[in-house]
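Q: Residues per chain are reported as follows:
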Amino acid sequence: MKPTSVLTMLLEVTDLDVRYGRNHAVKSLSLSLPLNAIVTVLGANGAGKSSLLKAIMGIVPATSGSIRFDGQDITGSTVPQRTRGGLVLVPEGRQILTSLTVHENLLMGAYPRKHFDHRETDAIYDRFANLAQRRDMQASVLSGGEQQMLAIGRALLAKPRLMMLDEPSLGLSPLLVNQLFTLLGDLNHEGLTLLLVEQNTHMALKVAQYGYVLELGKVSLEGTPDQLQDDDQLQAAYLGG
Amino acid sequence: MLLMQQIVNGIMLGGVYVMVAVAFTLTIGMLNFLNFTIPALFMVAAMVFWATMSGGFGEGFDSLFGSVLPVGMQWVVGVLLALIAATLCSLLIERFTYRYMKTRYGDATEHAIPLVSSLGFLIIFEHIVIMIWGTDPMSLNSPFGAATWRVGGLLIGVPQLISLVLSIAIVAALHLLLKRTKTGRALRSIAENPDTALLLGVDVQRIVPVVYVVTGLLCAIAGILFAINYRTVGPYIGEQVATIAIAGMVLGGLGNIWGAIVGGLIVGLLEALATYWFGADIVKVPIWGLLLLVLVIKPTGLFGQSAIGKGKF
Numbered sequence: 000m001k002p003t004s005v006l007t008m009l010l011e012v013t014d015l016d017v018r019y020g021r022n023h024a025v026k027s028l029s030l031s032l033p034l035n036a037i038v039t040v041l042g043a044n045g046a047g048k049s050s051l052l053k054a055i056m057g058i059v060p061a062t063s064g065s066i067r068f069d070g071q072d073i074t075g076s077t078v079p080q081r082t083r084g085g086l087v088l089v090p091e092g093r094q095i096l097t098s099l100t101v102h103e104n105l106l107m108g109a110y111p112r113k114h115f116d117h118r119e120t121d122a123i124y125d126r127f128a129n130l131a132q133r134r135d136m137q138a139s140v141l142s143g144g145e146q147q148m149l150a151i152g153r154a155l156l157a158k159p160r161l162m163m164l165d166e167p168s169l170g171l172s173p174l175l176v177n178q179l180f181t182l183l184g185d186l187n188h189e190g191l192t193l194l195l196v197e198q199n200t201h202m203a204l205k206v207a208q209y210g211y212v213l214e215l216g217k218v219s220l221e222g223t224p225d226q227l228q229d230d231d232q233l234q235a236a237y238l239g240g
Numbered sequence: 000m001l002l003m004q005q006i007v008n009g010i011m012l013g014g015v016y017v018m019v020a021v022a023f024t025l026t027i028g029m030l031n032f033l034n035f036t037i038p039a040l041f042m043v044a045a046m047v048f049w050a051t052m053s054g055g056f057g058e059g060f061d062s063l064f065g066s067v068l069p070v071g072m073q074w075v076v077g078v079l080l081a082l083i084a085a086t087l088c089s090l091l092i093e094r095f096t097y098r099y100m101k102t103r104y105g106d107a108t109e110h111a112i113p114l115v116s117s118l119g120f121l122i123i124f125e126h127i128v129i130m131i132w133g134t135d136p137m138s139l140n141s142p143f144g145a146a147t148w149r150v151g152g153l154l155i156g157v158p159q160l161i162s163l164v165l166s167i168a169i170v171a172a173l174h175l176l177l178k179r180t181k182t183g184r185a186l187r188s189i190a191e192n193p194d195t196a197l198l199l200g201v202d203v204q205r206i207v208p209v210v211y212v213v214t215g216l217l218c219a220i221a222g223i224l225f226a227i228n229y230r231t232v233g234p235y236i237g238e239q240v241a242t243i244a245i246a247g248m249v250l251g252g253l254g255n256i257w258g259a260i261v262g263g264l265i266v267g268l269l270e271a272l273a274t275y276w277f278g279a280d281i282v283k284v285p286i287w288g289l290l291l292l293v294l295v296i297k298p299t300g301l302f303g304q305s306a307i308g309k310g311k312f
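Quick mapping for you: the protein sequence lines, in order, are chains A and B.
Going by numbering that gives the first Met the number 0, the residue at position 85 of the first sequence is 84; the numbering climbs one at a time, nothing skipped.
Going by numbering that gives the first Met the number 0, the residue at position 39 of the second sequence is 38; the numbering climbs one at a time, nothing skipped.
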């Protein structure tokens with residue numbers, strides 16, 4: 000069941016090309032993301048997953064093709080414009096600001112918003128009790144799992160319409176990976192649309208409604224989790240048989 | 000008592016160094032950029048202030064303001080013009096050294112080229128001033144005269160006291176701006192990692208000029224206070240003051256605001272005491288001597304932490 004125009008598309012990427020110098024990272028890639036869905040992008044290292052997210056976020060320019068978000072063409076928009084429009088990226092490696100306190104990191108999440116009540120951070124602290132205990136400590140003291148919570152909490156305070164996550168499970172213990180995917184499912188139930196780049200194919204296909212597999216910058220396969228799981232090619236390449 | 004008097008003088012003198020040292024440390028901590036034009040900003044502000052007060056802009060200018068302003072209020076215009084001049088010069092430097100070089104040549108030369116071109120701007124500004132007013136030191140008609148307070152046998156110059164209090168207050172305000180405001184948090188994010196700041200929606204290109212405006216204002220206030228205190232200005236005062244302020248900044252630790260305050264006060268004190276004990280000729284020996292000694296024992300300076308530009312605020 001490919002997402003069709005019957006559903007409202009929050010994000011539509013059409014024939015996207017991204018080049019860094021000689022490196023052709025993303026090649027005429029098309030992808031669409033229905034409102035309130037979780038879509039996952041899978042693939043090996045260097046397949047172009049991170050480049051795709053960076054191009055959608057505007058961190059790297061699209062060489063050609065178009066990106067439509069919420070019905071608007073944002074291909075030429077700057078990163079700050081996109082964040083104000085409701086796009087947010089939880090980057091690979093989390094990029095916590097370690098010289099700021101936990102609380103200041105959360106406040107930075109709300110940076111794109113004009114109207115922000117500092118008490119909105121309470122909801123984040125309710126969700127992540129560990130962060131509440133470390134509220135006024137430097138973020139450098141956080142463990143990997145806590146950093147991931149902070150990165151997601153920070154992204155939530157931007158009040159995003161679409162949250163993109165670049166390999167959020169990387170480096171987490173199996174227990175924390177389970178908690179993370181439960182959290183992503185919860186957020187989706189609360190109405191948040193998610194674009195999830197993962198190497199943990201098994202978990203990603205459990206939570207997502209649709210998936211794309213990238214190979215050398217191109218979409219080599221796409222489909223529902225059931226279709227992808229039944230595909231021999233994917234089984235061999237990414238699911239470990 | 001004479002020694003106590005020197006200590007008081009030294010701390011007062013330190014106030015000017017503190018502001019220039021903070022200006023240096025701010026650009027290093029935020030942008031990883033040693034801005035060599037800072038002495039010129041200081042000097043331009045002092046010269047513009049002097050010119051407004053003492054007829055440096057010619058009679059036409061004087062009669063224009065003389066007719067509008069009540070007598071004795073000339074210094075207000077002088078202060079405003081000095082602040083504007085230094086801020087504009089500072090923004091010019093942002094536009095043509097920091098921003099231009101960074102976008103043109105990318106990472107490898109990111110640090111060296113703005114550094115050298117800011118040195119070029121220092122020479123340009125000095126020579127523009129020399130072309131207009133020559134190299135001779137000029138004396139200022141101070142609006143505040145030589146008012147002094149006598150406290151238990153110690154002589155405290157009112158202008159010096161004002162400048163010390165003002166410089167500490169301004170630096171404290173700057174600290175609050177960085178710690179408590181949205182813009183301050185954005186600046187500290189840029190200081191730690193410009194890529195992360197951008198990702199979070201900070202318009203880095205638009206907010207970096209804030210650092211240059213603050214730099215210009217700090218240098219201008221320091222330059223005005225210098226002019227009022229010493230009542231002599233000239234095209235080379237920037238270099239004289241800034242070299243000692245740099246020593247103060249390095250002493251306190253690169254990129255650390257509180258370090259710059261302590262360092263600035265120490266070099267001021269040291270200068271006054273060295274003048275008292277050894278005479279004015281060798282006053283720089285103890286300052287640079289102490290600096291070298293501290294760097295040998297603690298290479299990051301008194302309050303310096305890890306790598307430059309990584310989260311000092």
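Careful: at least some of the hints might be erroneous.
What the hints assert, rightly or not - The following label-pair restraints were derived from C-beta to C-beta distances:
1) Gly92/A / Thr134/B: 30 to 36 Å
2) Lys113/A / Gly54/B: 45 to 51 Å
3) Gly288/B / Arg112/A: 51 to 57 Å
Just so you know, the hints here were simulated from the structure itself, not pulled from any lab data.
Because the structure is a prediction, the values reported are computed rather than measured.
In this text, a Cβ means the ideal position worked out from N, Cα and C, and glycines have one as well.
Q: Hints first: check each against the structure and report whether it holds.
A: Going through the hints against the structure:
For Gly92/A paired with Thr134/B, a C-beta distance near 55 Å fails the hint of 30 to 36 Å. For the pair Lys113/A and Gly54/B, the supplied restraint of 45 to 51 Å holds, since their beta-carbon distance comes to about 49 Å. For the pair Gly288/B and Arg112/A, the beta carbons lie near 53 Å from each other, so the given range of 51 to 57 Å is met.
When each numbered hint is compared with the structure, a violation occurs for hint 1 only.
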